[in-house]
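K.L.:
If you want the building blocks of each chain, they are given just below.
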Amino acid sequence: MSLIRPLTISRLCIKNHGILYTAVRNHWNKDFKPGEFPKTPEQRALAAEKYQLVSEDYKPYPNDGSGLGDYPDLPMESGESKDPFYPWDNPELKRNFNEPLHADVDMIGEDRYDVTARHRVPVWLQYVQFFAWMGGAFVLYYIADKMKWFLAAAEKQYPRNGKHYTFEPKEE
Amino acid sequence: MYFVFLLFFSLLSFSSSIYFMISDYSVMLEYELFTLNSNVVYMSILFDWMSLLFMSFVLFISCMVIFYSDEYMGGDLNMVRFILLVVMFVASMMFLIISPNLISILLGWDGLGLVSYCLVIYYQNVKSYNAGMITALSNRIGDVALLISIAWMMNYGDWNYIFYLDFMKDDFMMSIIGGLVMLAGLTKSAQIPFSSWLPAAMAAPTPVSSLVHSSTLVTAGVYLLIRFSTGLSNNLMMFLLFVSMLTMFMAGLGANYEFDLKKIIALSTLSQLGLMMSILALGDYFLAFFHLLTHALFKALLFMCAGCMIHNLSNTQDIRFMGGLINYMPLTCCYFNVCNMALCGLPFLSGFYSKDLILEVVSMGYLNLFVYFIFYFSTGLTVCYSVRLSYYTMFGDFNFYGVQNISDTGLTMLKGMSGLIFLVVFGGSMLSWIMFPTPYFIVLPFVMKLMVVVVVLFGVYVGYEFSKFMISYSLKAMDYLYSSLFFSSMWNLPVLSTFGVNYYPIYFGGLYYKSFDHGWSEYFGSQNIYNNMSGYSKFFQLIFGNNIKIYLSFLVVWVLCLFLFL
Chain A
0 MSLIRPLTIS RLCIKNHGIL YTAVRNHWNK DFKPGEFPKT PEQRALAAEK YQLVSEDYKP
60 YPNDGSGLGD YPDLPMESGE SKDPFYPWDN PELKRNFNEP LHADVDMIGE DRYDVTARHR
120 VPVWLQYVQF FAWMGGAFVL YYIADKMKWF LAAAEKQYPR NGKHYTFEPK EE
Chain D
0 MYFVFLLFFS LLSFSSSIYF MISDYSVMLE YELFTLNSNV VYMSILFDWM SLLFMSFVLF
60 ISCMVIFYSD EYMGGDLNMV RFILLVVMFV ASMMFLIISP NLISILLGWD GLGLVSYCLV
120 IYYQNVKSYN AGMITALSNR IGDVALLISI AWMMNYGDWN YIFYLDFMKD DFMMSIIGGL
180 VMLAGLTKSA QIPFSSWLPA AMAAPTPVSS LVHSSTLVTA GVYLLIRFST GLSNNLMMFL
240 LFVSMLTMFM AGLGANYEFD LKKIIALSTL SQLGLMMSIL ALGDYFLAFF HLLTHALFKA
300 LLFMCAGCMI HNLSNTQDIR FMGGLINYMP LTCCYFNVCN MALCGLPFLS GFYSKDLILE
360 VVSMGYLNLF VYFIFYFSTG LTVCYSVRLS YYTMFGDFNF YGVQNISDTG LTMLKGMSGL
420 IFLVVFGGSM LSWIMFPTPY FIVLPFVMKL MVVVVVLFGV YVGYEFSKFM ISYSLKAMDY
480 LYSSLFFSSM WNLPVLSTFG VNYYPIYFGG LYYKSFDHGW SEYFGSQNIY NNMSGYSKFF
540 QLIFGNNIKI YLSFLVVWVL CLFLFL
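So the protein lines, in turn, are chains A and D.
Just so we're aligned, residue 0 is where the first sequence starts under numbering that gives the first Met the number 0, counting upward by one.
Just so we're aligned, residue 0 is where the second sequence starts under numbering that gives the first Met the number 0, counting upward by one.
This is chain D alone, in the form it adopts within the complex (with noise of 0.2 Å):
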């Protein structure tokens, strides 16, 4: 029944947002709650092409999970609760995503965040609990900088933000609200140094993954600096380049020496939110939202092609216990080769569009060389460790036990995959000629053109020599330990943002709770203030005896009181 709501109102915003595109229309409608003086809180919904087109990717996706966890997810005894939490999710991204107002935003982005802590803990166990933690305490983080926002944006007497972005790009209260916008959408695409959640989340049901982790949640933040890009300072846009790029170049990096398919997964996912933030921050946004769109459609498909290999053989994710998949599950193998090639850009496939083009763009741009050096070994990377899960699942020997039942017969979870499986090789030309009017013009040099075509090649050589996978092999990687160790671990990320965060401060809020709250508010506090309190009462129950001595020393200080004052 969602399945069938969800597909209509997919559909129905896919239609409506090109017809707002071709007339250029947009609707947007308020309701004013209340008023304080001079500033009015609004409830605000947007109704633009770019809304409505992400709406409508949203909704699909999330139409085609919700068909696929059917099967995936079939004989779980909380499915009830599974498709309640996915059902909300969509709805708090729907908030998102028609807001042009900070405060319903925040209604959409906290619900996101909690939702998605919800959806990670959802197996009961103790890694999926601290996964959880992280998730949610990570978009914590960002929801704090957007309240601090809402509470600046108080001196503009509006949170229509986008009635500003044009007009207070140099005040310098717009940069502070920038800034911690910034902040915000750092955290939920989790940029460096909010990246260890993202992996971590792994944790969740594959569906949830699929639809959360890969095209929904960690693309709220791209889609919030999206929609103020306009309004961000130079200087901002510098520092997200900067921590973009990295970004990009670490997950790269780390994938290539990951053996968890869907850490893989999320690594790759992270490498492409980087490059998305990166474009946005070189001032192209309407190219990052062009890759968000793609990303979303092949990222949630390779998900649902990784849970279709995980649900067969027998909850495993190792990929070392994969291999020569091709041969049992041909179907399924096939979209995660068709993904896995509209990652790395091949022509015409739904990724290269958008790719592509960011690329073109940033080598006809004013760039410096680190950051134009970085985003083609970072191109290099994603092929090299597209080329190693290839080679792991599916070209390699058979690695898995020798009695079992692989095959493609899960049709409900094929039919899911199936709805994404067109739009993955024919969504990128389609939204390209939909969404330029007119071709970004591209002028390189032969050379220029050439270098993306080289460095893919390179990256399919570089990671078929990674994957080498025998006996008699001794691995590279344990020649030089602590590199690997340092790549590996996403640069120290994960220990560094929860142990290195977090023990200390607990360690020492230990001390001060033994040396405050049990010692010195105890003095000051509770205990001495009772002590205090009985000993007074215990005086004024000896006035209150009725002693007459006491009643007449009182008759002597109040006449001596009379002399004194009067």
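Next up, chain A with everything else stripped away, as it sits in the complex (with noise of 0.2 Å):
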């Protein structure tokens, strides 16, 4: 029995490299880091060839610091909003063969945030209804409790608060 337990889990792993790739989130590597800020155009066309990108779309993130290099400042498209029935390379990511991922690639994917999703109503707005309904229904709770409501009926007597009537007849 205990034989067979590593030939299964094997055959688990032959059968889907992905659970090996995947389970694994391995760190940051050199090979990611983006090179220098391009300053000089030919630095440009060499960095936007590089990303696969055409030159007129590179677009370099400003050098404020961030240590982004030339990693390109591509639009921020959410996996949702992206179109479904396009034969994408990558159907799980939507993404094409080398296509450049996004430097925040992990906030927008389809199992995060949908940043490029068009709300009917924008968002501040909805935080306005919502509490705009809240705060009205306080109110209206808070002004009603003033005025409660009841079955005209006599109070509840109990012996614990003291005086109490026993509906005996009168005595002359």
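No lab work stands behind these hints, which were simulated from the structure alone.
A hint or two may mislead.
[Unchecked claim] What the simulated footprint calls covered on chain D by chain A, stretch by stretch (three residues with Cβ under 8 Å from a Cβ of chain A suffice, anywhere in the stretch; the number is not a length):
#: 1; segment: 123 to 135
#: 2; segment: 290 to 297
#: 3; segment: 479 to 492
[Said to hold, decoys possible] Simulated pairs of lysine-lysine, PhoX-like, Cα-Cα distance not exceeding 20 Å:
#: 4; chain 1: D; residue 1: K537; chain 2: A; residue 2: K29
#: 5; chain 1: A; residue 1: K32; chain 2: A; residue 2: K58
#: 6; chain 1: A; residue 1: K32; chain 2: D; residue 2: K168
#: 7; chain 1: D; residue 1: K262; chain 2: D; residue 2: K126
#: 8; chain 1: D; residue 1: K548; chain 2: D; residue 2: K537
#: 9; chain 1: D; residue 1: K126; chain 2: A; residue 2: K93
#: 10; chain 1: A; residue 1: K81; chain 2: D; residue 2: K126
#: 11; chain 1: A; residue 1: K38; chain 2: A; residue 2: K49
Every value quoted in this text rests on a predicted model; they were computed, and no experiment measured them.
No residue lacks a Cβ here, since even glycine has one placed at the ideal position from N, Cα and C.
Please assemble the complex out of the two chains, which come individually in their own frames, going by the hints.
P.N.:
Quick look at the structure:
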């Protein structure tokens, strides 16, 4: 029995390589490091070619110390907003082969935020609507709390509260 | 096999609960795990009529659901995983029900959250993943609140809260503990502002929705608050009443705009949970427990019927594609109708006994008018969306494809459902005869007594008007688009509690990451410490080079020090 178990696990690995590749989130390494910020047009052209972009589309992040170097400032397009019917090379990421990844790709994947979603109602207005409604309900609740409604019946009498009536006939 | 075990234990605990109820008997088993000075950690188990009755209901519904899922999930490659997850869920629920101790409740509570996450992500697609995330993270807030309340309870020296509730009601620490436990209950039972996870969790398979998201997981919050209700202060009760009342209202409104079958039933569950919490906040935890039990029965069956319909219509969940199903699936639709009518509070079905009693007790109480209005309006909304749902699924025109095979021949599923139908019809009356030794004394004017009936009839009429669905019909909701969007999207809660709450923190977190983790932390931390250390070690290596000049200069320095300090 104990001999069979390792065999089963190794068969699992052979059948589904994805488990091995995706189960380990590897550390950032030197190959991921972008180059220097391009200052001359020649450097820009070289950088655009490196990132497989047309030079008109290539625009690096501003050199403000964020350390992104020559990485292109791609438009933020969320995974969910991309066309689901287009035959992507990698349908899970909705990405074609060698297409440059956005610098914040962790945030805009299909299982994360949809930053390109065009909300019917803007998010700030949704906040306003929600809190206005809750606030209005609270105001109504508070006002109505002053005007309590109850059935016109006598209050229930408990002996522990002291005085209570026994409804005996009045002694003459 | 699991079916037989669960059925046996369900019947055993039901009979025990009746015996315990009649003889007013309860058993508490305590095992001392360890002692920290005066704090004692016990592993406790409390068998009283309430816990045994709830256990029996949970076990019965789970055994029917496992039997039902034999056919519903038949042919699924991961069936073993599914059944094991359901059994683990039931085990966690048992832990929660029989615990009079906060620490052992945590075992069950965290177990429920974890297993419900695993069940929601069962179908591995992006939507299920997102739904699982929001379920797990919303429940996690409650778990954290419970953990903090465990820390606060160290002040009392013991975690068996049942001993402290009556005595410490006015204590400041108890109010904190009560507030935290209430927060935990609000998250688990999906009250405002944590409501967005319940409709999202409908990404789970239907048997899971039937067991977990209608009868057991969501009622765990209500059960915890039922146990704690004597220890909650008046301010907390007022807040709970406000929140749960609005949840009831919001869910009722939302269900009238939805077109996904499971989401309508989920919002219906949410509305009834709001009702349970409201009546608990008004002080009557007994009625809340009664409604919890009856609701579990008919809601589980409602989900199972919905599952039958979805299964037959090749996994379509949109009610606009359903219609006239009563001609093809008469028994399923019959059960569906009975459950809907029980939900609306039709006289003498199970829902009537609990719901009508709640409304009458509310009418008799000393309440503010707004609360009273919301209660009755929500009841009307319940009827409205139930009629709308029935119209769309069963009585309208047939809207599905021309060639189809819709029938009631899924015998295993039908048998699973048939186990519950008798309880749906008779359970309310039986429970009311057992649980209430003396009935509630309701004295109401005739008009007020009729109010419920009037509201129900009005709801039927409005539900029918809302759901007219013809080619030439213009949807009234389109004329009032902004308000329709607001009400249909659960008052914007799904967007606000995901995107609204997380996006800016993560964005600013990214900026902090750049400036602190990649910037100043490197300067004060790893990189600069490394540079400094390597500088010092270079300096010392110079000294260790056995240079005679350095040796002599150290000798001079040492002599100087001797003269200075001695």
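K.L.:
All hints, please: hold or fail.
P.N.:
Comparing the hints with the structure gives:
1. Coverage of the segment 123 to 135 of chain D by chain A holds [criterion: at least 3 residues with CB-CB distance below 8 Å; count 4].
2. Counting residues of the segment 290 to 297 of chain D whose CB lies closer than 8 Å to any CB of chain A gives 0, which falls below the minimum of 3, so the coverage claim is violated.
3. Counting residues of the segment 479 to 492 of chain D whose C-beta sits closer than 8 Å to any C-beta of chain A gives 6, which meets the bar of three, so the coverage hint holds.
4. For the given pair, K537 of chain D sits about 27 Å from K29 of chain A by alpha-carbon distance, which is inconsistent with the 20 Å threshold.
5. At most 20 Å may separate the alpha-carbon atoms for a hinted pair to count; K32 of chain A and K58 of chain A meet this at roughly 17 Å.
6. A distance of roughly 61 Å separates the Cα atoms of K32 of chain A and K168 of chain D; the hinted pair therefore is violated under the 20 Å criterion.
7. Taking the CA atoms of K262 of chain D and K126 of chain D, the gap is near 14 Å; set against the 20 Å cutoff, the hint holds.
8. For the given pair, K548 of chain D sits about 17 Å from K537 of chain D by alpha-carbon distance, which is consistent with the 20 Å threshold.
9. Pair hint K126 of chain D plus K93 of chain A holds up; C-alpha atoms about 15 Å apart against a cutoff of 20 Å.
10. Our distance criterion of 20 Å between C-alpha atoms is met by K81 of chain A and K126 of chain D, whose separation comes to about 15 Å.
11. Taking the CA atoms of K38 of chain A and K49 of chain A, the gap is near 16 Å; set against the 20 Å cutoff, the hint holds.
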